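Start from the sequences, fold in the hints, and give me the full structure.
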Amino acid sequence: MGRDGYIKKIETAARQWEEQVLGPRIKRFNLAESPTRFYSPLNVRNSDFLEKVGFPGEYPYTAGNSPFDFWKAFAADAAKTGYRPDWGGAGKVGKYGGFGTASDYRDYLLRMQSMGRKGGPNIAFDLATQCGYDSDSPYAEGEVGRVGVAIDSFRDFQVIYEAYTGDLDIDKVPSNYTINAPAAVIIAMYATLAKKRGIAIDRLQGTPQNDILKEFIARGTYIYPPRPSIRLFRDICVFCTHYLPRLNINSIGGYHIREAGATHIQDLAFSFANGIAYIEAGLAGGLDIDAFAPRITFNAFGGSMEMYKEIALQRAARRIWARILKERFGARDPRSMMIRQPITAHIGCSSTTLQRPLNNLARAVIGGIAAGMSGGIPGAFPPFDEPLGLGHSQEATQLQIDATRIMIYEAKVADVNDPWAGSYFMESLTDETEEAALAEMEKIENMGGAVAAIENGYMPRCVAKSAYEKQKLVEQLKEFIVGVNCFTSDNEIEVSVNRIVEATYDPERMKTAEDRQKKSLARLKRERNGTAVSTALKTLCVHARDDSYNLMPDIIECVENEATLQEISDVLRQVFGEAQPIKL
Amino acid sequence: MNENRKIRVLISKPGLDGHERGAMVVAYGLRDEGFEVIYTGLRQTPEQIVNAAIQEDVDVLGLSILSGAHLGLTRKVIDGLGAQQADDILVLLGGIIPEEDIPALKEMGVDEIFTAGTPIKDISDFIRSHLPRSPEQEPVIEKP
Numbered sequence: 002m003g004r005d006g007y008i009k010k011i012e013t014a015a016r017q018w019e020e021q022v023l024g025p026r027i028k029r030f031n032l033a034e035s036p037t038r039f040y041s042p043l044n045v046r047n048s049d050f051l052e053k054v055g056f057p058g059e060y061p062y063t064a065g066n067s068p069f070d071f072w073k074a075f076a077a078d079a080a081k082t083g084y085r086p087d088w089g090g091a092g093k094v095g096k097y098g099g100f101g102t103a104s105d106y107r108d109y110l111l112r113m114q115s116m117g118r119k120g121g122p123n124i125a126f127d128l129a130t131q132c133g134y135d136s137d138s139p140y141a142e143g144e145v146g147r148v149g150v151a152i153d154s155f156r157d158f159q160v161i162y163e164a165y166t167g168d169l170d171i172d173k174v175p176s177n178y179t180i181n182a183p184a185a186v187i188i189a190m191y192a193t194l195a196k197k198r199g200i201a202i203d204r205l206q207g208t209p210q211n212d213i214l215k216e217f218i219a220r221g222t223y224i225y226p227p228r229p230s231i232r233l234f235r236d237i238c239v240f241c242t243h244y245l246p247r248l249n250i251n252s253i254g255g256y257h258i259r260e261a262g263a264t265h266i267q268d269l270a271f272s273f274a275n276g277i278a279y280i281e282a283g284l285a286g287g288l289d290i291d292a293f294a295p296r297i298t299f300n301a302f303g304g305s306m307e308m309y310k311e312i313a314l315q316r317a318a319r320r321i322w323a324r325i326l327k328e329r330f331g332a333r334d335p336r337s338m339m340i341r342q343p344i345t346a347h348i349g350c351s352s353t354t355l356q357r358p359l360n361n362l363a364r365a366v367i368g369g370i371a372a373g374m375s376g377g378i379p380g381a382f383p384p385f386d387e388p389l390g391l392g393h394s395q396e397a398t399q400l401q402i403d404a405t406r407i408m409i410y411e412a413k414v415a416d417v418n419d420p421w422a423g424s425y426f427m428e429s430l431t432d433e434t435e436e437a438a439l440a441e442m443e444k445i446e447n448m449g450g451a452v453a454a455i456e457n458g459y460m461p462r463c464v465a466k467s468a469y470e471k472q473k474l475v476e477q478l479k480e481f482i483v484g485v486n487c488f489t490s491d492n493e494i495e496v497s498v499n500r501i502v503e504a505t506y507d508p509e510r511m512k513t514a515e516d517r518q519k520k521s522l523a524r525l526k527r528e529r530n531g532t533a534v535s536t537a538l539k540t541l542c543v544h545a546r547d548d549s550y551n552l553m554p555d556i557i558e559c560v561e562n563e564a565t566l567q568e569i570s571d572v573l574r575q576v577f578g579e580a581q582p583i584k585l
Numbered sequence: 013m014n015e016n017r018k019i020r021v022l023i024s025k026p027g028l029d030g031h032e033r034g035a036m037v038v039a040y041g042l043r044d045e046g047f048e049v050i051y052t053g054l055r056q057t058p059e060q061i062v063n064a065a066i067q068e069d070v071d072v073l074g075l076s077i078l079s080g081a082h083l084g085l086t087r088k089v090i091d092g093l094g095a096q097q098a099d100d101i102l103v104l105l106g107g108i109i110p111e112e113d114i115p116a117l118k119e120m121g122v123d124e125i126f127t128a129g130t131p132i133k134d135i136s137d138f139i140r141s142h143l144p145r146s147p148e149q150e151p152v153i154e155k156p
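Chains as they are written, first to last, in the working numbering: chain V, 2 to 585; chain S, 13 to 156.
Read the hints as simulated data drawn from the structure, not as lab findings.
A portion of the hints provided could be inaccurate.
[To be verified] Capping the alpha-carbon separation at 25 angstroms, the derived lysine to aspartate or glutamate pairs in DMTMM-like fashion look like this:
1) V:512 <-> S:134
2) V:512 <-> S:119
3) V:471 <-> S:119
4) V:479 <-> S:45
5) V:512 <-> S:111
6) V:466 <-> S:137
7) V:471 <-> S:113
8) V:473 <-> V:503
9) V:473 <-> S:113
10) V:196 <-> V:561
[Stated by the list, open to error] Coverage of chain V stretches by chain S, computed from C-beta distances (three or more under 8 angstroms per stretch; other residues unrestricted):
11) 49-62
12) 144-150
13) 157-169
14) 252-262
15) 342-356
16) 573-584
Here the structure is a predicted model, which means the values were calculated and not measured.
Each residue gets a CB set at the ideal place from its N, CA and C atoms; glycine is no exception.
Below is the structure:
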């Protein structure tokens with residue numbers, strides 16, 4: 002029997018099943034439609050394995066970026082040696098953090114290192130720094146050193162790195178910076194630090210987030226309007242490609258867009274639209290696609306409890322991006338076509354609930370299973386006490402790490418590559434996800450691309466509306482969240498566990514951080530060579546007005562002369578203007 | 013208060029915190045609940061918020077803060093409203109607010125704190141049951 006005959010036979014069987022089995026049951030329970038779905042070969046009629054899935058590590062990477070991830074090679078050793086991923090290791094990325102002044106954070110890092118936690122700096126900056134304000138700005142009042150460390154000038158940057166010398170010097174450990182609008186300034190500080198230490202800047206490794214477009218769609222720490230922001234991106238991209246070839250150029254955040262309320266389709270479409278804008282900026286800067294595309298990275302796609310959709314999303318994401326890079330941009334290097342992301346599928350912090358918070362552990366495990374089944378480390382994220390807003394406790398962190406280990410070692414979740422390959426259901430859902438994302442991307446393309454779709458408010462408004470739609474579904478009991486809008490009667494009990502939140506910093510020190518930071522900033526302004534600062538800023542200003550200039554050398558000049566982050570940002574504000582908040 | 017006048021709500025994001033999902037969802041939700049809602053957008057200083065509340069002649073001010081800077085920022089907004097004799101405005105706070113800060117915030121003059129998972133209906137019920145705050149003192153405002 003040929004393929005056609007086989008399909009015909011299934012079609013007949015499907016009709017019979019619907020009429021004789023499914024239909025009567027729907028009727029019996031008086032439903033309008035079936036509450037479940039079933040997939041058969043009829044749902045994947047045109048599925049060509051090599052074209053749509055392929056082997057792991059081969060185009061279009063649906064089955065994964067590689068035959069096995071690096072961590073799988075060391076999984077058994079990690080178990081035998083008791084490796085703790087949250088501690089980081091020499092040569093690895095350390096735990097995300099930052100608070101207070103640079104010296105507060107340096108002392109914390111030194112304390113962590115004395116306990117064996119030796120990862121490279123993974124710096125959270127305070128909101129003033131992220132928005133291009135110095136600690137003495139009225140906008141910074143109450144924010145200095147709060148959600149990250151305060152960086153006003155190269156002096157502060159240098160103080161943090163006093164914790165990274167010898168075996169942990171900057172040519173040996175990578176640095177990660179959650180910085181977007183002022184990314185050029187922070188990269189300039191990194192390069193300046195290398196020069197001062199006599200380290201060739203081409204030895205520097207790490208990842209600046211540098212994903213400014215998503216700041217307009219989610220997260221909100223933009224400074225300049227989208228177009229000049231892309232010009233700055235172009236300058237960073239070109240400069241890093243030439244001089245800091247080991248530094249990743251950026252980390253595109255699908256995750257943030259989802260957390261802000263986007264659907265999984267919007268997450269894919271908007272992130273890729275942004276990604277395309279970055280690629281085009283690099284090309285406009287005269288770079289060859291394969292010279293920089295391998296260093297465009299992604300933060301993470303994902304962020305819901307719907308594990309089937311999240312698995313399909315990861316598969317579709319890899320395929321879409323690979324095809325864009327190969328077919329649209331003519332990439333030849335496989336590394337240009339791959340999505341590199343440190344976290345893959347996960348539930349997203351917005352899936353956690355303040356109500357009965359220990360349930361978040363169960364939720365995070367679902368996200369870990371989705372990750373393990375779609376080419377990632379099966380990581381339980383976040384710790385269950387995430388929504389309590391008091392910092393993760395040691396207990397929650399322990400449970401999170403152990404849950405991850407149980408998925409890896411006991412459940413063996415990640416022992417098979419793309420275990421859903423060939424599933425009628427998953428292949429069909431992957432195709433649907435891909436089609437819907439491509440359709441949404443085409444809409445954005447027709448508007449003129451990501452920048453235009455930010456300027457006209459389309460992407461940010463879509464995300465806000467999706468967030469509201471989701472809220473309505475929850476309130477109308479069309480979507481259920483356990484312990485929030487259902488199963489909340491007096492018959493349910495609160496389960497609590499002991500929680501010790503590690504004292505990462507001295508609260509007394511935090512109280513004085515703003516004051517101390519302002520004083521050291523005042524001292525800097527007295528001590529530095531004012532003429533050199535204003536000359537460097539003036540040159541930056543002149544060159545900023547001319548789009549053909551790459552501003553990185555000028556920004557480095559400003560940083561070296563101890564111009565502050567806000568002074569540099571203010572020059573660019575003056576030339577580029579400021580982005581306006583999104584209205585409803 | 014004029015019976016025909018819709019209750020006016022200003023939703024605002026004080027400080028530099030860029031998480032605006034909650035603020036926008038509440039703004040859309042209260043609008044659908046029949047309130048007149050104005051959203052300031054991100055990065056408003058306490059002074060800007062107080063001025064907007066007065067200029068827009070709002071009955072309710074909703075602040076959304078997820079950065080941990082809620083104590084200082086809320087204090088400034090409430091002091092600002094007081095200085096302008098606008099302390100009849102109902103002040104609501106949402107975001108990531110640790111349980112132990114709630115008494116201090118109420119003491120300060122926040123009328124209610126709504127944390128994650130709050131249905132919009134709870135917020136609108138709260139507003140309706142607490143307004144008008146002192147009807148005999150409310151001037152009648154005729155809108156053209």
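**Whether chain S covers the segment 49-62 of chain V (at least 3 residues having a Cβ closer than 8 angstroms to its Cβ atoms)** = Answer violated; 0 residues pass the 8 angstroms Cβ test.
**Request:** With a cut-off of 25 angstroms on the C-alpha distance, tell me whether residue 473 (chain V) and residue 113 (chain S) pass.
**Result:** Violated. Residue 473 (chain V) to residue 113 (chain S) sits at ~29 angstroms, over the 25 angstroms cutoff.
**Prompt:** For the pair supplied as a hint, residue 512 (chain V) and residue 134 (chain S), is the alpha-carbon distance within the 25 angstroms limit?
**Reply:** 35 angstroms, violated
**Prompt:** Is the hinted pair residue 512 (chain V) and residue 111 (chain S) satisfied, with a Cα-Cα distance of at most 25 angstroms?
**Reply:** Satisfied, since the Cα-Cα distance of roughly 20 angstroms is no more than 25 angstroms.
**Request:** Would you mind confirming whether the straight-line C-alpha gap from residue 473 (chain V) to residue 503 (chain V) stays at or under 25 angstroms?
**Result:** Distance ~37 angstroms between residue 473 (chain V) and residue 503 (chain V) Cα, so the pair is violated.
**Message:** Check the hint pairing residue 471 (chain V) with residue 113 (chain S) against an upper bound of 25 angstroms on the C-alpha distance.
**Reply:** With a Cα-Cα distance of about 29 angstroms, the restraint between residue 471 (chain V) and residue 113 (chain S) is violated, given a limit of 25 angstroms.
**Message:** Run the distance test for residue 466 (chain V) versus residue 137 (chain S): straight-line Cα separation, threshold 25 angstroms.
**Reply:** 23 angstroms, holds
**Message:** So if I understand the rule, the pair passes when the alpha-carbon distance is 25 angstroms or less; does residue 512 (chain V) with residue 119 (chain S) pass?
**Reply:** 21 angstroms, holds
**Item:** 25 angstroms Cα cutoff - pair residue 471 (chain V), residue 119 (chain S)
**Value:** 34 angstroms, violated
**chain S over the segment 252-262 of chain V, status - at least 3 residues with CB closer than 8 angstroms** = holds (count 3)
**Asked** Residue count check for the segment 573-584 of chain V against chain S: does it reach three with CB-CB under 8 angstroms?
**Response** It holds, with 4 qualifying residues against the three required.
**Request:** Mind taking a look at whether chain S covers the segment 144-150 of chain V? Criterion is 3 or more residues with CB to CB distance under 8 angstroms.
**Result:** Our answer is that it holds, as 3 residues pass the Cβ test (under 8 angstroms) against chain S, meeting three.
Hints 1, 3, 7, 8, 9, 11 and 13 from the earlier list are contradicted by this structure; the remaining hints agree with it.
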